[in-house]
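> Hey, can you work out the whole structure from these sequences and the hints?
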Amino acid sequence: MKESTKDHAALASQFNKDEPRVDWHDKTLWWIREKRDKAAHGVPEWELLRDTASGIKENVLSRLSEYLLQFEEQAIRNGVKVHWAADAKEHNEIISSILRQHAVNKMVKSKSMLTEECHLNEYLQEQGIEVVDTDLGERVVQLAGEPPSHIVLPCIHWKKEEIGELFHEHLGTPAGNADPQFLTHAARLHLREKFLTRRVALTGVNFAVAETGEFVVCTNEGNADMGAHLADVHIACMGIEKLIPQRKHLGVFLRLLTRSATGQPITTYSSHFKKPRPGQEMHIVLVDNGRSIHLGRPDFRSSLKCIRCAACFNTCPVYRRSGGHSYHTAVAGPIGSILAPNLDMKKYADLPFASTLCGSCSNVCPVKIDIHEQLYKWRQVIVQAGNAPIAKKAAMQTMTWVLSNPSVYHTAGKAGRWFMANVPFTVNNSLNPWYKQREMPEPPASSFGEWYKKNKK
Amino acid sequence: MTMSSRDKILAAVKSNQPDFRELPPLPGETASAADASSANAATPNFSPEQLASKFIGLLEGIGGSAYIVSGFDRITHILREEHADAKRIVSGCPELASLAETPAHYDDPHTLENIDLAVLRAHFGVAENGACWITEDLMIERALPFIAQHLALVIHKKDIVANMHEAYERIAKAEKDGMTYGFATFIAGPSKTADIEQSLVLGAHGPRSMTVFLLDEEMSDAGFY
Amino acid sequence: MKVGLFIPCYVDQFYPQVGIATLQLLEKYGCEVVYPAGQTCCGQPMANSGFEHLTKGTNELFIKNFQEFDYIVCPSGSCVLHIKDHLHSEHPASPDPAVGIRKKIYELVEFLTDILKIDHLEAKFRHKVGLHQACHGQRGLKLSQMSELVAPPFSKPEHLLKMVQGIELIELDRKDECCGFGGTFCVAEEAVSVKMGKDRVADHLHNGAEYITGADMSCLMHLEGILQRQKSKTRVKHIAEILNSQE
Chain A
1 MKESTKDHAA LASQFNKDEP RVDWHDKTLW WIREKRDKAA HGVPEWELLR DTASGIKENV
61 LSRLSEYLLQ FEEQAIRNGV KVHWAADAKE HNEIISSILR QHAVNKMVKS KSMLTEECHL
121 NEYLQEQGIE VVDTDLGERV VQLAGEPPSH IVLPCIHWKK EEIGELFHEH LGTPAGNADP
181 QFLTHAARLH LREKFLTRRV ALTGVNFAVA ETGEFVVCTN EGNADMGAHL ADVHIACMGI
241 EKLIPQRKHL GVFLRLLTRS ATGQPITTYS SHFKKPRPGQ EMHIVLVDNG RSIHLGRPDF
301 RSSLKCIRCA ACFNTCPVYR RSGGHSYHTA VAGPIGSILA PNLDMKKYAD LPFASTLCGS
361 CSNVCPVKID IHEQLYKWRQ VIVQAGNAPI AKKAAMQTMT WVLSNPSVYH TAGKAGRWFM
421 ANVPFTVNNS LNPWYKQREM PEPPASSFGE WYKKNKK
Chain B
1 MTMSSRDKIL AAVKSNQPDF RELPPLPGET ASAADASSAN AATPNFSPEQ LASKFIGLLE
61 GIGGSAYIVS GFDRITHILR EEHADAKRIV SGCPELASLA ETPAHYDDPH TLENIDLAVL
121 RAHFGVAENG ACWITEDLMI ERALPFIAQH LALVIHKKDI VANMHEAYER IAKAEKDGMT
181 YGFATFIAGP SKTADIEQSL VLGAHGPRSM TVFLLDEEMS DAGFY
Chain L
1 MKVGLFIPCY VDQFYPQVGI ATLQLLEKYG CEVVYPAGQT CCGQPMANSG FEHLTKGTNE
61 LFIKNFQEFD YIVCPSGSCV LHIKDHLHSE HPASPDPAVG IRKKIYELVE FLTDILKIDH
121 LEAKFRHKVG LHQACHGQRG LKLSQMSELV APPFSKPEHL LKMVQGIELI ELDRKDECCG
181 FGGTFCVAEE AVSVKMGKDR VADHLHNGAE YITGADMSCL MHLEGILQRQ KSKTRVKHIA
241 EILNSQE
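Chains as they are written, first to last, in the working numbering: chain A, 1 to 457; chain B, 1 to 225; chain L, 1 to 247.
What the hints contain is simulated information worked out from the structure, not anything from laboratory work. A few of these clues could be false.
What the hints assert, rightly or not - Taking lysine-lysine pairs in the DSBU-like style, the calculated list, with each CA pair at most 35 Å apart, reads:
#	chain 1	residue 1	chain 2	residue 2
1	L	K162	A	K38
2	A	K81	B	K8
3	A	K436	A	K346
Claimed, not checked - Sample of chain A residues facing chain B (criterion: CB under 10 Å; computed from the structure):
#	residue
4	V60
5	A85
6	T184
7	H185
8	L191
9	E439
For clarity, every value in this text was computed on a predicted model and none was experimentally measured. Even for Gly, the Cβ is constructed at its ideal location relative to N, Cα and C.
Quick look at the structure:
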């Protein structure tokens, strides 16, 4: 995967060169937001559920070490092997060592954003291990050699004609066939063969229950189950924040998750894995990879409540018009913009600025993360850490000087308006980014202050 | 002495976790007790008829089918009609032995690859989302409800709860009565995907159709469809 | 009651008519209005860009100019929200004037509905008008219900606009999507900002708006820039001007 050095603004600008495509991307995701609204309005106690979910997750974060120990104890008692990975590298090594132990070099994988975060597929491929992503959207981007652009709808940025061409190239479907039904069926047959022949299946984890040691995997396709129940080894990977205290809490989260994600009342399958199948090995890999550090940040720790529903992506007017790849990180969108700077502040310094702080995200979030407030706070942290571009810093210092001194402000304002009125090309030119696609405001003869002085004093 | 990753992670988490926040009550739970028989205070009480009607409406809305039947004779009849071409049918219900294999288990789940139809009992349905709860002891093999081309589940019409909170109360009660599971799942309709330009396609990797039979023992066969 | 009039910096420099309309409206309803001449800016442009640490000067200026009033009223939701959320003094006196200011500052619409409790307006504006729900006013100050929440609908700006004779309020396809101004975002992420603005404009035009109004001139300035580049006949007009209009 190519590492881009461009930031969100540059990548988004590229994305916007094809306006009809941006319209298509934006309208599709807005439609999903509308479906979410319809589903939420069908649950009169929706806001109470959000409060409850938020409260449960806050309790979890406040007792995370105890819940982790409880979960481990229960899982081991259930016959599951529990591994701990401090970082992405260790996570990848644990998985490859399990594969080596079983002398396996082919596996199937259902959706796990954690494995994207850890770049697991590339790591395993370098060791000669074939990984087949079985979620249809993930398989599309895998065949195309790209990362997913959305954590729930991985190939939302692909048109059906393009998928048709891709499948023609890789699966041998007829050229020109772009019928979703036909293409899905072709994928069904292609992936069925993988399920039936692979001995190791890796899944993500939507929720892990500390009380019982079980974990839940939610899919519409049934690919996680097809993989796990036919494999000799089931490996489940989870971020340590995915715990919930008791099984009954699943009621709250399963009511919120899919309605928030796609507007469905529930995914087709909400599978509760507790014990391995007789004769099967089950492994859980608990992954930190920066989460324990994030937990120590008072302003930002609550982003660990996230249940990866992507409601914030679908509602974000910036995400819809820039696409997931503009965020150059595994988890994009608003939640990604407040998680990524924790992993690498320099690399992801641009993300908290890829927002107008409109606040829509915070209000669709099923666990009430104050995303837009954290975006604002990350901006302060990033600038204080010295990650602001020099030109911006200089401009801000000038602005501060002008705005902190009334006489300077009045003079500058008057001068600015004079130039705009009399020498318009000083601002109406290609160096002025505002002017590229917008007219400048008309400069009035007097400011309000000047009018007031003349007319009211 | 180097700490294991486990110890490092636990130590970091413990030192960084915020001050204790109490767990909130669930909707319908009072702060004093999570009464197992509590009606969900956040939603009005539904009658069994209303629950069944809601369940069927939801299930049909997500691409599933539902039949209210008086007994297994009717189920047999309907399945013979709808799956006339099925070459291999498996069922966990001995009542369906006339049209299905009814083994206690299979040695190798891979041999289930060519199953056209699986008919299994489930424990109960959930009205708010059309899902059915099924544990592995009712599945014969864990892979069966997923690998079959078509799936049918059988529940009693009176065994429909209003929402997921009631569902988990029921699961907890069953556990107290000794019914544990190593694997279980909620199944809501046929498998599906909308990954290709948001066009809904039924039958992704799991079953292409899903039918729920609601047994209503009070029903008579007279005047039947 | 003595009202301190706070006029956003860009309204002062580019849209003085909004300040004038605000002043006239407040005086019409019996307020004694004073405009402190030493005011400049709330500090939001720096703060939202990550330079909140540079707002000490603007904070002190604001406190100095506005602490004496019973109420502070401003025709801008985002500026009021910024003061409410972020105004503070480095060396607060006791009692802390910043705390007092945060409690008594109001955006114009909410001041008219919640404090003056206006139920009647002598205003005429015989045009088709689209209301742009500016984000900070809506989601921050709760000027109207947001579409994200499962909660009863309400709208303070609509409540006032409906009192204007002859006005025809149009329905939008997307009721409360952001216009894309976002402060320095409007130039730092120019492509996305403009696309968002174009889409908002298209929604209003498609639904027949002759005027686009709202409680935040920053949003309207951005939409106006796009409308004028498109040479559209549709214009923007701040809600203060409509509520004060005799057209």
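> I'd like to know which numbered hints this structure contradicts. Please list them from smallest to largest.
9
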